[in-house]
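Trainee: Chain residues, written in single-letter form:
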Amino acid sequence: MNDAYAAVAERPAAAPGAADTIIHARGLTKRYKNTVALDSADFEVGPGRIVGLIGPNGAGKTTALKAALGLTDFEGELKVLGMDPRRQRPELMRQVCFIADVATLPRWIRVHEAIDFVAGVHPRFDRAKCERFLARTKLSTNQRVREMSKGMIVQLHLAIVMAIDARLLVLDEPTLGLDILYRKQFYQSLLEDYFDENKTILITTHQVEEVEHILTDLLFIRDGKVALSTTMEEMGARFAEVLVNADKVEAARALKPIDERAAVFGKTIFLYDSADPEQLARLGEVKRPSVSDLFVAIMKGTYA
Amino acid sequence: MNAIVKSPFAWLLKREYWESRRGFLWAQVWAAGVLLVISILGIVAFEAFRLRNNIEIGMHGNLSTLLSNGMQHNAAGIAPGLDGLMLTFGMIAAIVLFFVVFFYLLGSLYDDRRDRSILFWKSLPISDTSTVISKVIAALIIAPLISVAVVLAGYVALQIIASIWFLAHGLNPLTLLWTHADPFSLWLHLLAMIPVNAVWALPTVGWLLVWSAAVRSKPFLWAVVIPIIAGVLNFWVGLLGLPNVDTRFFWSDLVGRALLSVIPAGWIAADPSQLRMDFMGRDQLSGISYSSMGHAFTLPEMWIGAAVGIGLIAAAIWFRRWRDET
Numbered sequence: 122m123n124d125a126y127a128a129v130a131e132r133p134a135a136a137p138g139a140a141d142t143i144i145h146a147r148g149l150t151k152r153y154k155n156t157v158a159l160d161s162a163d164f165e166v167g168p169g170r171i172v173g174l175i176g177p178n179g180a181g182k183t184t185a186l187k188a189a190l191g192l193t194d195f196e197g198e199l200k201v202l203g204m205d206p207r208r209q210r211p212e213l214m215r216q217v218c219f220i221a222d223v224a225t226l227p228r229w230i231r232v233h234e235a236i237d238f239v240a241g242v243h244p245r246f247d248r249a250k251c252e253r254f255l256a257r258t259k260l261s262t263n264q265r266v267r268e269m270s271k272g273m274i275v276q277l278h279l280a281i282v283m284a285i286d287a288r289l290l291v292l293d294e295p296t297l298g299l300d301i302l303y304r305k306q307f308y309q310s311l312l313e314d315y316f317d318e319n320k321t322i323l324i325t326t327h328q329v330e331e332v333e334h335i336l337t338d339l340l341f342i343r344d345g346k347v348a349l350s351t352t353m354e355e356m357g358a359r360f361a362e363v364l365v366n367a368d369k370v371e372a373a374r375a376l377k378p379i380d381e382r383a384a385v386f387g388k389t390i391f392l393y394d395s396a397d398p399e400q401l402a403r404l405g406e407v408k409r410p411s412v413s414d415l416f417v418a419i420m421k422g423t424y425a
Numbered sequence: 050m051n052a053i054v055k056s057p058f059a060w061l062l063k064r065e066y067w068e069s070r071r072g073f074l075w076a077q078v079w080a081a082g083v084l085l086v087i088s089i090l091g092i093v094a095f096e097a098f099r100l101r102n103n104i105e106i107g108m109h110g111n112l113s114t115l116l117s118n119g120m121q122h123n124a125a126g127i128a129p130g131l132d133g134l135m136l137t138f139g140m141i142a143a144i145v146l147f148f149v150v151f152f153y154l155l156g157s158l159y160d161d162r163r164d165r166s167i168l169f170w171k172s173l174p175i176s177d178t179s180t181v182i183s184k185v186i187a188a189l190i191i192a193p194l195i196s197v198a199v200v201l202a203g204y205v206a207l208q209i210i211a212s213i214w215f216l217a218h219g220l221n222p223l224t225l226l227w228t229h230a231d232p233f234s235l236w237l238h239l240l241a242m243i244p245v246n247a248v249w250a251l252p253t254v255g256w257l258l259v260w261s262a263a264v265r266s267k268p269f270l271w272a273v274v275i276p277i278i279a280g281v282l283n284f285w286v287g288l289l290g291l292p293n294v295d296t297r298f299f300w301s302d303l304v305g306r307a308l309l310s311v312i313p314a315g316w317i318a319a320d321p322s323q324l325r326m327d328f329m330g331r332d333q334l335s336g337i338s339y340s341s342m343g344h345a346f347t348l349p350e351m352w353i354g355a356a357v358g359i360g361l362i363a364a365a366i367w368f369r370r371w372r373d374e375t
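Sequences listed follow chains A and B, in order.
Per this note's numbering, the first sequence runs over residues 122 to 425.
Per this note's numbering, the second sequence runs over residues 50 to 375.
If you're looking for bench data, these hints aren't it; they were derived computationally from the structure.
You may find that some hints are simply not true.
Using 27 Å as the maximum straight-line C-alpha spacing, the simulated DSSO-like pairs for lysine-lysine come out as follows [unchecked claim]:
#, chain 1, residue 1, chain 2, residue 2
1, B, 267, A, 154
2, A, 320, A, 346
3, A, 369, A, 408
4, A, 200, A, 154
5, A, 250, B, 63
6, A, 250, B, 55
7, A, 421, A, 388
8, A, 305, A, 271
9, A, 421, A, 377
Taking the hints into account, I'd like the entire structure generated from these sequences.
Mentor: Next up, the structure:
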């Protein structure tokens, strides 16, 4: 897992507006009757990236995904693989896969029917590959989805999706309600058997901790706007977390941290944006913040 | 041919069949099976009655002679009798088909929204137009073809049962039964009716699909209760002496066409002059003769209904495409 992460992390992020941009959004806006789900959001997703789209409930994550998949209308500019998802949805879906969450496979379908069907309608589906993935599971070809556990359903769905040679894979809360064994296995399989430099994965999840080690890019979304868009390297260079002893707290505050929280033994953890690393080193032990701590700091006030 | 069977659209049809196999195939098989069981029970009861009353059996028994003589003398009456038999199978199949297709259409664009599996179907490179049209074809062509096939199978099975019965009495079923049986003539009528029924059914198909694609819950209530309430209101407005739509027109040409056009051969009732239903005579099939099928296509109701139906199907496609589930 770490090797795969290291390999992708070395690659530079796509230049904005580059020809091979996977998703390009400018002023992406979606209004519902009483609310604005997306408020002129701008973002780019480059090829060969694993992007975490992270935000509190109702921030517009799912709306952004739905717009990109052509499932909903929108205002503003949005191109996915250079196509307009509203007008070119069937063409787009040859190159884009998505797993909405577990249990969206039809309950009546049998394993072999699902495979036959996808093989019949999807020009980029590799049946042999799918069968290889399924051979590792306990699923039998005659089994119906309604007879499976959530974990087994996600194994089937993942086996189908990983056998499709798509350029973009969208995962919306893919591991919701799964037990920990399946969750680990889910991301492990994606990294080992699916992801490569020609593919891009866009993930939304509440379980930030379980994806943060595989992400190459972060996209924080808040109140329909992009609050932070960064690669993981840039994030590590820009944000720093310092564990400060009680006697240096005032000095730490003077450097304008974006967040502080109490730690054990009377120590305090400060989070800095673009601070001088040497100054920080004098305050205490410096670390790269976790995505979830950064998320909490940036989203503060959202729930207030 | 191979290219057609392997085309993505053929897979959409297979998908519909897999999901609705119970209604499309097994409901028909059960209905025909029940009819066969009733026939067997009838034969057994008849035999029991015969034995109890000590009526002689065998080659020279008077019953056999009676049967055999009677049938030979009335050979002309056997063919319509056998036709009637197939018609019975056909009618039972038609009733089953109506209910199956009605509820199939009502659920076809709704059930997958309710259980969210629409997100799986929409993750595949299939246009919403193909999806909706595959459901129309499944309802109007696939399901009727299966029912007509089951009718033929049921008819042949009953002939075989009757043959065994005849043989048990030393009668020759080949000369008495099979030479008179002309199942394919009537069966071809049933087959030929499928396209006529399909065009006639379009308004109901469109009406049910629109509600199936559009409403958040309870498509049955919307599709059925709305026209009934509208009909009652229209009647009430008429009671007040205010201008209203002619009640008869409203019920039969609006509500009836919106809800009941999927009844097989429903177009017969649109022009009763074509109908010379005379079950005792030889003409019992005039209603579904080829000429009355052709005549159905000359009815303005046929084409106006079809146009409205196609419009409604287009609306269902639009809803399928843009209905935003949140």
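Trainee: Does each hint fit the structure? Answer for all of them.
Mentor: Results of checking the hints against the structure:
1. B/267 to A/154: Given pair residue 267 of chain B, residue 154 of chain A holds - Cα atoms ~23 Å apart, limit 27 Å.
2. A/320 to A/346: holds, 26 Å
3. A/369 to A/408: The given pair, whose Cα atoms are some 17 Å apart, holds under the 27 Å limit.
4. A/200 to A/154: holds, 25 Å
5. A/250 to B/63: holds, 23 Å
6. A/250 to B/55: holds, 20 Å
7. A/421 to A/388: holds, 21 Å
8. A/305 to A/271: The given pair, whose Cα atoms are some 14 Å apart, holds under the 27 Å limit.
9. A/421 to A/377: holds, 16 Å
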